[in-house]
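Assemble chain Y onto chain S, guided by the hints.
Number of protein chains: 2
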Amino acid sequence: MELAIKELEEKGKAAKAAAKKLAFLSTEIKNKALLTIAEALIAKQDEILAANKIDYEEAKTSGMSEAMLDRLMLSPSRLEGMAQDVRTVAALPDPVGEVFDMRTLPNGLVVGKKRVPLGVIGAIYESRPNVTIDIASLCLKSGNVVILRGGKEAINSNTILSLVAQEAAHQAGVPHGAIQSIESTERALVGHMLKMKEVIDLMIPRGGAELIKFVSENAAMPVITGGIGVCHTYVDKSADLGKAVAIVYNAKVQRPTVCNALDCLLVHSKVAQNYLPLIAKEWARAEVEMHCDKQAMAILKSTLTLPSPFKGEGLGEGIVPAVDEDWGKEFLSLKAAIKVVNSLDEALEHIEKYGSGHSEAIVTEDYSAAMRFLNEVDAACVYVNASTRFTDGGQFGLGAEIGISTQKFHARGPMALKELTSYKWIIFGNGQVRP
Amino acid sequence: MELAIKELEEKGKAAKAAAKKLAFLSTEIKNKALLTIAEALIAKQDEILAANKIDYEEAKTSGMSEAMLDRLMLSPSRLEGMAQDVRTVAALPDPVGEVFDMRTLPNGLVVGKKRVPLGVIGAIYESRPNVTIDIASLCLKSGNVVILRGGKEAINSNTILSLVAQEAAHQAGVPHGAIQSIESTERALVGHMLKMKEVIDLMIPRGGAELIKFVSENAAMPVITGGIGVCHTYVDKSADLGKAVAIVYNAKVQRPTVCNALDCLLVHSKVAQNYLPLIAKEWARAEVEMHCDKQAMAILKSTLTLPSPFKGEGLGEGIVPAVDEDWGKEFLSLKAAIKVVNSLDEALEHIEKYGSGHSEAIVTEDYSAAMRFLNEVDAACVYVNASTRFTDGGQFGLGAEIGISTQKFHARGPMALKELTSYKWIIFGNGQVRP
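As given, the protein sequences belong to chains S and Y, one line each in that order. If you read the first sequence in this note's numbering, its first letter stands for residue 1, the second for the next number, and so on. If you read the second sequence in this note's numbering, its first letter stands for residue 1001, the second for the next number, and so on.
Just so you know, the hints here were simulated from the structure itself, not pulled from any lab data. Being a predicted model, the structure only gives us computed values, none of them experimental. Cβ atoms here follow ideal geometry from the backbone N, Cα and C, with glycine treated the same way. Incorrect hints may have been included.
Just some of the chain S residues that point at chain Y, by a computed CB distance under 8 angstroms [to be verified]:
#, residue
1, Val111
2, Arg412
3, Tyr423
Only chain S is shown next, with the shape it has when bound in the complex:
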């Protein structure tokens, strides 16, 4: 353990030294490095896949869930996808060096801001090897050194991927130390890393709620928290029910395991009788398990004959009574809570009480209801008449994403290259003094 800490401290020193050089590296070299990394992911796929196989077999033996195994597994086509993502980052504009808000003051001083990297970014993430390359490429492009600490189940995959990226980047002219990874799987090392605030300027945790909570409570440096999405869609009394079916279906079913998927459907009592059977039929076909409050349950009981696997008495296993814990729960699976509300106010109150500040939507044709919802819901992303599944750096046109912030400080919502930077004020004078 002591050895591992000493090694970590050494990496910290090297990171700090590399940060000074990386901040001034030309866009040309950074892009060349990214393209070299993309090439290397393909050229070295045998080594990478062999290392990944070790992780995969071990994880399988130790009983990892299918969903987790799927996230852990690499394949030639997944490596090609990762390489393509790196090429996409290479094609994005370099945020570093951008000069903005420049103006000439009455005394002739020319004052403005210049964008600079944050410095050294720490990333702590769970067992998805693609995150290694994802974060490394975004940090490199934004001029930040990164210290990567992936989950222990992916240790062999992460180590080889980090090594491939380091070598390729260095080959293209990136200073040593720009991409670092922690190979030791000692848990206590994370605790030590979170205290290194003289070295690490920002910590980004990516993973489950527990990891994020641990990092945000223990880190001495700033942390970007996010990724926990308890997302509601509210179908207003004036909703176009056709749109409401499409949007709510998409928000839950298109990819249920991610943070911007729907967790709770709120329906105005005036349209619940008409709307609930429509969406329940669609959701049932997709095998969505519906956790209904009393009113929703009563409506579905009285109106619905559900297809398989929803058998018996017209309802069956797919429709269950909601329990208290269902409100404010991030399901991350084909499950959703359903609640009937009597007003927009009640919907807003429910969202305020149970939402996680991630993504919230209203379906309505009423102008004032739409505006109230947009203004009053306190979340990173607030939608009118669209699926919450769009909350994503790529979808919003940022070209990439390092995470989704649910805090208000520094950056909120999808974060990409610009959100990994700071600025300094630059002042051009010709002898001005303050009177």
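Coordinates of chain Y only, in the frame set by chain S:
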């Protein structure tokens, strides 16, 4: 103490409740409230000055320094100045509600950002009563609730000022709880306040290095640190020596007690022989105490006959040998360190080692030296050919200032209304779902 903590918790609850209302308050009401506060400062000056007198007498009796006493003291003209500052804030544009970065995506979604307040801001500051009104007015304009905790030496002044502001704001339609202050002077209360991260979204410490260090090390919520300025001005070999005298004189003498004042003068060895006697003569007239490295001392010894109070052997008390602690020291008084360097690189290294990331300047006529300095110095504000005394929200055209950040996260350099806000993404759809 338990009572004080209970009271603080109550204030926290009230602050949280007020934040929801304050976020939606119209610019009209906020401005009316600010103008009412300005009026009340004048109308109630007798009460305010009486309370301030109690603080002043007590502080004087207990041996407070002249400089501190001066900061503590209020007068009719100082109250008029404070009222004028509040009117200035009223006249600034409201940052809240600004919609920006709005664009239409290929799928027809209209996506952008809307500026929102941060929520509840905690302010811990030392014994300057004007800070109470200063912070309260900036927070009110930016839609943030503020919990004020001033120094105990100004407790009577702060309490009455906060009360006057609260009453005036409420009279104009601002919800109760929008401006709160902690009257208890128990020290342990600050520790408790720093843990209230469910209530306080951002903590702003204003005061000396010790206070800022304590807050930043103990706060559970984000903190904006800053206000500590170890500022260098480097006179390059190609400097216009006339400009260099004016700039360096101004940076030290115009207001020596503040964070953007010069602490250390670096002079290139090629111009040191000509330049040092020029600036030393000017500084000596202003009674600046010069802490010189060996080379600077040798030059001044051989060239200078100084006026009073620099008597005896041509040097005297005003010129002393620098000690190790002088490098990286924030003097906050008419003292400065002087060092001769042999190159721009040596100047950059010195600044990197000893600077506090606040304000740094170069005086040069050499284009490449200017550009290198601007790019390579890692500080909130980097100047070419101007006095570091310009680092100020008002001077930079922000209209006001809540502090100067020396961190990179969220905001850097002078902070005003915009820096007290966050944003949310707003998305206007017409039925879009993610493919």
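Evaluated hints:
1. Val111: With a minimum Cβ separation of about 6 angstroms from chain Y (threshold 8 angstroms), the hint on valine 111 of chain S holds.
2. Arg412: OK, holds: arginine 412 of chain S within 8 angstroms of chain Y, min 6 angstroms.
3. Tyr423: For tyrosine 423 of chain S, the interface hint holds, since the closest Cβ of chain Y sits about 6 angstroms away, which is under 8 angstroms.
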